[in-house]
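A.B. asks: Work out the full structure, taking the sequences as your base and the hints as a guide.
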Amino acid sequence: MDPLFEFLLRQGDNTLVLGHRISEWCGKAPVLEEDIALANTALDLIGQTQMWLGYAAEVEGAGRTADDLAFLRDAWDFRNLLLLERPNGDFGHTMMRQFLFDAYQIQNLKALEASSDPRIAEIAVKSGKEATYHLDRSRDTVIALGDGTSESNARMQSALDALWPYAGEMFLADEIDQAMAADHIAPLPLEYRAPWEAAVLPALAAAALKVPQDDFAHQGGKTGRRHSEHLGHMLATMQVLQRSYPGATW
Amino acid sequence: MDPLFEFLLRQGDNTLVLGHRISEWCGKAPVLEEDIALANTALDLIGQTQMWLGYAAEVEGAGRTADDLAFLRDAWDFRNLLLLERPNGDFGHTMMRQFLFDAYQIQNLKALEASSDPRIAEIAVKSGKEATYHLDRSRDTVIALGDGTSESNARMQSALDALWPYAGEMFLADEIDQAMAADHIAPLPLEYRAPWEAAVLPALAAAALKVPQDDFAHQGGKTGRRHSEHLGHMLATMQVLQRSYPGATW
Amino acid sequence: DPQERAFQERIDAGEKIEPKEWMPDGYRKNLIRQIGQHAHSEIVGQLPEGNWITRAPTLERKAILLAKVQDEAGHGLYLYCAAETLGVSRDELFEMLHEGKMKYSSIFNYPTLTWADMGAVGWLVDGAAIMNQVPLQRTSYGPYARAMIRICKEESFHQRQGFDIMMKMANGTAAQKRMAQDALDRFWYPALMMFGPSDKDSVHSAQSMAWKIKMNTNDELRQKFVDQTVPQAEYLGLTVPDNDLKKNEETGHYDFTQPDWAEFFDVLKGNGPCNADRMAARKEAWDGGAWVREAMAAHAAKKKAAKLAAE
Amino acid sequence: DPQERAFQERIDAGEKIEPKEWMPDGYRKNLIRQIGQHAHSEIVGQLPEGNWITRAPTLERKAILLAKVQDEAGHGLYLYCAAETLGVSRDELFEMLHEGKMKYSSIFNYPTLTWADMGAVGWLVDGAAIMNQVPLQRTSYGPYARAMIRICKEESFHQRQGFDIMMKMANGTAAQKRMAQDALDRFWYPALMMFGPSDKDSVHSAQSMAWKIKMNTNDELRQKFVDQTVPQAEYLGLTVPDNDLKKNEETGHYDFTQPDWAEFFDVLKGNGPCNADRMAARKEAWDGGAWVREAMAAHAAKKKAAKLAAE
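Those protein sequences? They're chains A, B, C and D, same order as listed. Going by the numbering used here, the first sequence opens with residue 62, and the numbers climb by one from there. Going by the numbering used here, the second sequence opens with residue 62, and the numbers climb by one from there. Going by the numbering used here, the third sequence opens with residue 229, and the numbers climb by one from there. Going by the numbering used here, the fourth sequence opens with residue 229, and the numbers climb by one from there.
I should point out that these hints are in silico values taken from the structure, not numbers from a laboratory. A virtual CB, placed ideally from N, CA and C, is assigned to each residue, including glycine. Just so you know, not all the hints are guaranteed correct.
Just some of the chain A residues that point at chain C, by a computed CB distance under 8 Å [said to hold, decoys possible]:
1. 85
2. 90
3. 100
4. 150
5. 205
6. 210
7. 311
C.D. replies: Spelled out as structure tokens, the structure:
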């Protein structure tokens, strides 16, 4: 198992899976402006996926394409964070998930801009502007909905409570991360934790939300060791055409 | 296109698709007794599917099996009634759909017991007892929920209003049905209408429900010409393993 | 009425009417109906495509479809803004949609059943829409005309993308070819219906044409669409589902079979294959999002109050 | 207390205690906890299998799984009835479950991720359950013992079906073999945890054993399960994920690594991979079905009233 390949899958599967979840909102947002913004976010994430998985396929050198990686792997070969495969829930739940990830992703991309691997640095630069915009938007929305009405505050609190145990996985490291750090391809994810908290905690405070005190962290997504039951259902939908009509071009 | 094969697909796809929908309730019924009854109904319908599609595969004589027909056809090759692919909705909606179909199916099976095709007659006999039980149960439930509270009556009325336009397709005939009638394999479906109404209307009256007056009938399911968008999603789930792991035995 | 006469003269002279200017009530009402219906069509039109975004077969196709749906929501936004200049709010328009008092294009009451339908929607549905919309860039109401200019640019891009999908399908595997033909079979007549009933049966036509909020007759546009589309179908190697379709060497146009207008009126009445599902999806989105809209308004009000207090 | 002594003597003599008979409060409370927890496990246990009913790979497998889930709901019913003989209603038990005051087996807080998990659940989870349940056929409380007799018969059938799935997978394609091994890797330790913590850490053990509502120690049963299961894994050609697993020639038993009890207590606390999803699914089913239960009760009351009036 090539650590660089694994690392790239983690990057690409994160954007793919989150992009897919966001795309499930199509035409069903609470406000027209949000329909536009959600489609735009999904579009950005799918574009980033093409870059990450495209490079992953090159690194693997087995003749697979980004599409092969996206549409012909089963759940256990996916390397996305558990947080990102969580079902959408209500709009607030979706935006809370987005915010917790965006605040991590911005650190991740910033660090990768200085990667010793020039291709990774290039993808990080190309993704950075979009990610900044996503973070601005998800933070504003979380604050607005947390601060809004008592109903919206309660909904956002329950979203935070439900999703918080999935945040910790973003900062866990394994031998893949260690190999990346040793080669100066990427820092250890733990380094993102402090700046992530510095971005997240004030926003949650402004949103009048209580940060859960339990630091238990679900894991098994980025290693692929144990995804949730939700991913398989997502893939059954996402991959249906490639699975049903093997070898066709679209 | 062999009319007998088409006819058998219609029979088998009806039980397959409805059996699948009912199986989606697993572990989520409003009362434990209903969990048991729903699992039992789904089980009966899947068992009947094995007989119908098994015979269809034989008649086709192309080396396909019942499983090939169930898991390797795409939506447009399905021949089930549109009514049966409707999403479950709430429990009352599910039971209303079941009742409208059961009251038809009992006529259908009774007639097929006298089919000139002995295999069809045999399957009809084997299915008849189960179908009688299903009808007794769905009728009682529809009456109870229609008669129960004002909320339950409103829910059942909206289920009836939503599903009524899908009832008419059960009684439509095309050249397949004509061929079956000519060969004394099955009567024209229109013959089921009067006894169906004789069963359905008194039950709806006992359930304090108003029968919609519009006789518009959606069609395109039993001919396969135009299913609803729901069937494709159902099949993406149902067929995922056979599609993803071609040639494996389970 | 001299005011009305003056108004008509301005229109005849090719002038644009702008929001603050006087206009007849009928003109205003007709425009609201027409622009609102168009806006609703953009919004409801997201649903049949959204149905395949989660199943798009490649990352590229998924991205293209997302971009398209984003454009459509954007078009909805322009059009609601144009309607607002006539004194009706977006929320009022939504309410009328949800109560069944306003329509959206009936084409979106047909289901999208295979990936080829994403091609057919782009090729035929956007194609028919463009045919309707291009002349509306010259419509008499300024904000509407300007919205149409922006919209038409993007729509023709969508149509090319749709045709590109059809090309891939028509030149693909046997199953893909079958999907392409099946999509054409299902969408041909509904696309023809998009131009509305024959002009002799059309209620609003004459006055709307005088006011230049309708620029061509329904039959003219339908004929133009058929003339443009039939050779494209031939190029794709697909068969238009009309046995009587034939080039008329005298007129230079195609003779074709009219769609089943009974079906058209059935769909209009609510009996299309997807009317109930589409409206349920939109109402659920709207009702389910009420708490979000309330919260955003409350937050904005608090921010404004805090700002005032600080001053 | 002479009453308690007499009660204990009856138990020691192998007599069954029946519902109307006197019993110590602790006996009753412990039984309610144990039977209720077992009943809840049957109900919640439908969910991880329901997760694959809609994706079962053949009609036969779908039918078998449906039959199994139907059995489990039936087991739930027997057990709730047994619990009701102790003076607690099914609705009260549900309420305690939903409020987190009663548990269900932690094993159902693990996800089912591939079709092989349907095999592993049958082989390992039902296997462990049977090991727990067979001795309970001789438990001192009559209704409970009789329920266990019916249940055990069906469970051993389920276990064989699970093993059959594992056989097919282990002897299937490379991907199927990988699924089978992966399922064993994920379910091995959670299955070992099903017997509960080591007896020295177990709260209720001593008294429960005296009362014969627990017949063996947790460690005894766990050892028995390992001894039975390891050869089956070998037969399947699968590797038990325990590097220190070894037959101890002296004792004749396998030496094995204890599961991670910290994980066990985490899951018990609510931090298992699926705790939140399972409880949400059950609560949604219960709350969403409230109108049905109310309507059925109202209808039954009306029918009864009508019958009385007619008499």
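A.B. asks: Can we keep the residue 150 of chain A interface hint, with Cβ of chain C closer than 8 Å?
C.D. replies: Status violated, d = 11 Å.
A.B. asks: Can you verify the interface hint for residue 205 of chain A: is its Cβ closer than 8 Å to any Cβ in chain C?
C.D. replies: Where the cut-off is 8 Å and the nearest Cβ of chain C is about 4 Å from residue 205 of chain A, the hint holds.
A.B. asks: Take the shortest C-beta to C-beta distance between residue 311 of chain A and chain C; is it under 8 Å?
C.D. replies: holds (4 Å)
A.B. asks: Verify the interface restraint on residue 90 of chain A: the C-beta must sit less than 8 Å from at least one C-beta of chain C.
C.D. replies: holds (7 Å)
A.B. asks: Closer than 8 Å between Cβ atoms is the bar; does residue 100 of chain A clear it against chain C? Give me holds or violated.
C.D. replies: holds (4 Å)
A.B. asks: Using 8 Å as the Cβ threshold, decide whether residue 85 of chain A counts as touching chain C.
C.D. replies: Check passed: Cβ of residue 85 of chain A comes within 6 Å of chain C, closer than 8 Å.
A.B. asks: Does the closest beta carbon of chain C sit nearer than 8 Å to the beta carbon of residue 210 of chain A?
C.D. replies: holds (5 Å)
Going down the numbered hints, you'll see the structure goes against just number 4.
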